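S.K.: Could you build all of it, start to finish, from the sequences and the hints given here?
Respectively, the protein sequence lines represent chains A and B. Residue numbering for the first sequence follows the numbering used here, starting at 1 and increasing by one per position. Residue numbering for the second sequence follows the numbering used here, starting at 1 and increasing by one per position.
Treat the hints with care, as some may be off.
To be verified - Restricting the straight-line Cα-Cα distance to at most 27 Å, the calculated cross-link-like pairs of lysine-lysine (DSSO-like) are:
id : chain 1 : residue 1 : chain 2 : residue 2
1  : B       : 436       : A       : 234
2  : B       : 49        : A       : 232
3  : A       : 203       : B       : 308
4  : B       : 80        : A       : 203
5  : A       : 199       : B       : 436
6  : A       : 199       : B       : 80
7  : A       : 313       : A       : 273
8  : B       : 322       : A       : 207
9  : B       : 49        : B       : 104
10 : A       : 167       : B       : 389
11 : A       : 234       : A       : 203
12 : B       : 80        : A       : 207
13 : B       : 49        : A       : 234
14 : B       : 424       : B       : 6
15 : B       : 80        : A       : 232
16 : A       : 207       : B       : 308
17 : A       : 206       : B       : 80
18 : B       : 308       : A       : 206
19 : A       : 203       : B       : 49
20 : A       : 234       : A       : 206
21 : A       : 199       : B       : 49
No lab work stands behind these hints, which were simulated from the structure alone. Being a predicted model, the structure only gives us computed values, none of them experimental.
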Amino acid sequence: MITAALVIGGIGAICALILGISLVTFAVKMDPREKEVMDRLPGANCGACGYAGCAAFAHELTSNADAPMACPAVNAAALQSIIEVLGRELGGVSQVIACVRCKGGIEEASTRYTYVGPRDCRTAQLIAGGSKGCQYGCLGLGSCVTVCPFDAISMGEDGLPHVNADKCTGCGKCVDACPRMIITLVPKSGNYHVGCISKDAAKDMKKSCGVGCIKCGICADVCPFEAITVSKDKAAEINQDKCRRCGLCVSVCPTGVIDSRRKPDKVRIVPDKCKGCGICEQVCPAEAVTGKLKEPFVVNEGKCIGCGLCIDKCPADAIERKPS
Amino acid sequence: MRSSFKGGVHPPEEKGLVKDSPVVDFPLSSRYYVLLQQHLGAPSRAIVKSGENVKKGQTLSEPMGFVSAPVHAPTSGTVKEITRMVHPVTGLLGPCIIIDADGKDEWLEGLPAVRDPFTMTHDDLMEAVRSAGVVGMGGATFPTHVKLSPPKGKTIDTFIVNGVECEPYLSSDHRLMLEEPDRVLNGARVAMKILGLEKAYLAIEANKPDAIRVMEQKAPPEIQVVSLKVKYPQGAEKQLIKALTDREVPSGGLPMDVGAVVQNAGTCAAIWDACAAGIPLIERITSITGRGIVQPKNVRVRVGTLLKEVIDFCGGVKDAAKLIFGGPMMGIAQFTSEIPIMKGTSGVLVLTEKDTNISEYSACISCGRCVEACPMGLIPSTLSKLGEKGQWQKAAENNLMDCIECGCCTYVCPARRPIVHFIKHLKALSRSAGAKSKGA
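M.R.: Next up, the structure:
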């Protein structure tokens, strides 16, 4: 009994000694901030930063004083907290979000045959280019849903993926997974996008889908900022840098294929600051500003499209956005 | 009988439906749909305009590169338009020339130009094959003139005529060898002349004793007729070379790496037409078969004929569940019959519900049957699991690119896993990643 206790206790003591020595000799020196940074990163290991995972990126951030914040998925609070840990500026995070550019769900778009293979868009694409009638449309098998590390995409009953704006971090995994290249990243702050990428002429497209872009070009004509391009063999495309989110295109699109994520706030003129120069009236594309010269001008809220052109042009800084 | 290759399967042959029906000519159609891409390699570009009158055998397109082939007018008539229609191989819209037949079926002036190919020079013969748009007619449609011009440094010592036709159901090569053995044998002799070879094999599977008998009687001494064990995929190029010469094409290599060139029996007949008469590849024999066809037939049909018309010619369909271009093992499922017959269409299969196996697949149980069946010595179970996850890099380490997509693994899988489908998916991922890194 005593012998057994001594032997076991002895083995335990020797092992403890070995462990204790190796703890000191083989210790990996690690910046204590590294763990703190890692805890604040999203932890999805999505790889969108260009490093092998969140741990590798946290190591880069702490060891390299010039490393910028490359993680597109980090939210504002976490970013602030990482800045505090590291004690240096990290630059802004590009706030983008995934958007699905196809509106042809089960109801609207036709299918050519019944597909029975693996439930993955990329494999389905191999069988005669996918079962969808439109060769540009969403196959609806949810490869984007499967790859999303943030659980931000769900397959709707309409057979199309839906992006949860609160969860989406813009990491871009779904963009790579989609064999139809339907998913693009757009500014999170608010945007307009055309829910169709078909290159088919309207008459061919109409055979397979009731809601696609018919390339009529009305949106391009009404856009005051020349942000929309459209041609006979390419669906309308909105240049996100030029787009001022006025929403004129949405109101004129005959098929309703243009989607908006957020409408901008309308503007109002502060009467005390307004010098009555009338420049705002001249630049307004919606004829929403009225007034007499040398007297404060007024914005007709019903007509204002919130494009903000007048704010840019006002020499007296008298125009501001009206929070909704 | 010779030794064979490792692996392989024995699916029901089902050749009885059409193997004894003589080839019938399909009557002249009123409209033809000639696809511009009927071969592997670079596309070809149309050189006729809509409204133009064309004669039978006239060249309609020019190849855009060495590995490419032109297409020719199947009959005389007017070019209605150059448009796009469903391509049976990709399932997407592909460029296509539509010809309205004038019913006269007049040859282009100077055709057929009968001559003796054995007095022609090597370069003239090659040009005749190239300009006739001859491609591999077993289904892979690789341009024949490329196969017949091995690069410098490769010595070719074996020429093999492939009359194996190991795909179940199909009998087009079988009927060709029975009914027109001279075209096949003479074409083979021309190919031997081009390659500068004295000896050749003509390989036929042992389940076609009548064809073996006819060929043994007709074959000149320099062509040795070999009866091969009935086993799928005996007609696959690499397996055929292994069975005949016991040489193994190295991983990632081509038959010419072991000094062999293989041509399908139908291709040999087309080589003969091109060299001895200047006739381009505008018609072929194809088996319209399967229990979903009312009267299965072997039909001699012009390239560009609408499949729907050919099926109607065979009495239409009954209880049809699945339409396949090619054989059941490697053929491509179609969603419409509004597609044209192509140079590589060795058969069209209409299966009934009973003959198809449309069911859900389940997880791999690692039974190893696919490993035993794989004629390339791969581990299909591993590849299929990697395919589910899209891990093409790891699959490439497992010799992904050596898969010949013969379908043996999928055929034997008790979990009914679409293994070849997964492998095609991995290959597509690997190719697109390769294209991306090249572009960057």
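S.K.: Would the pair residue 49/B and residue 234/A pass a check requiring their Cα atoms to be no farther apart than 27 Å?
M.R.: Distance of about 25 Å is within 27 Å: holds.
S.K.: Check whether the Cα positions of residue 49/B and residue 232/A lie no farther apart than 27 Å.
M.R.: Satisfied, since the Cα-Cα distance of roughly 22 Å is no more than 27 Å.
S.K.: Holds or violated: are the alpha carbons of residue 206/A and residue 80/B at most 27 Å from each other?
M.R.: holds, 24 Å
S.K.: If you draw a straight line from the CA of residue 322/B to the CA of residue 207/A, is it 27 Å or shorter?
M.R.: holds, 24 Å
S.K.: Quickly compare the C-alpha distance for residue 80/B and residue 203/A to 27 Å and report which way the hint goes.
M.R.: holds, 20 Å
S.K.: Taking only the CA atoms, is the gap from residue 234/A to residue 206/A under or equal to 27 Å?
M.R.: Holds - the C-alpha atoms of residue 206/A and residue 234/A are around 15 Å apart, at most 27 Å.
S.K.: Is the straight-line distance between the alpha-carbon of residue 199/A and that of residue 49/B 27 Å or less?
M.R.: Cα-Cα ~24 Å, so holds.
S.K.: Going straight from one Cα to the other, do residue 167/A and residue 389/B come out at no more than 27 Å?
M.R.: Given that 27 Å is the threshold and the Cα spacing comes to 24 Å, the pair holds.
S.K.: Holds or violated: residue 234/A with residue 203/A, Cα cutoff 27 Å?
M.R.: holds, 13 Å
S.K.: Check whether the Cα positions of residue 203/A and residue 49/B lie no farther apart than 27 Å.
M.R.: At roughly 23 Å apart (the allowed maximum being 27 Å), residue 49/B and residue 203/A satisfy the hint.
S.K.: Mind checking the alpha carbons of residue 313/A and residue 273/A for me, to see if they're no more than 27 Å apart?
M.R.: The given pair, whose Cα atoms are some 14 Å apart, holds under the 27 Å limit.
S.K.: Hint check: residue 49/B vs residue 104/B, CA-CA at most 27 Å. Holds or violated?
M.R.: Holds. Residue 49/B to residue 104/B sits at ~21 Å (cutoff 27 Å).
Every hint, counting from the list given before, is met by this structure.
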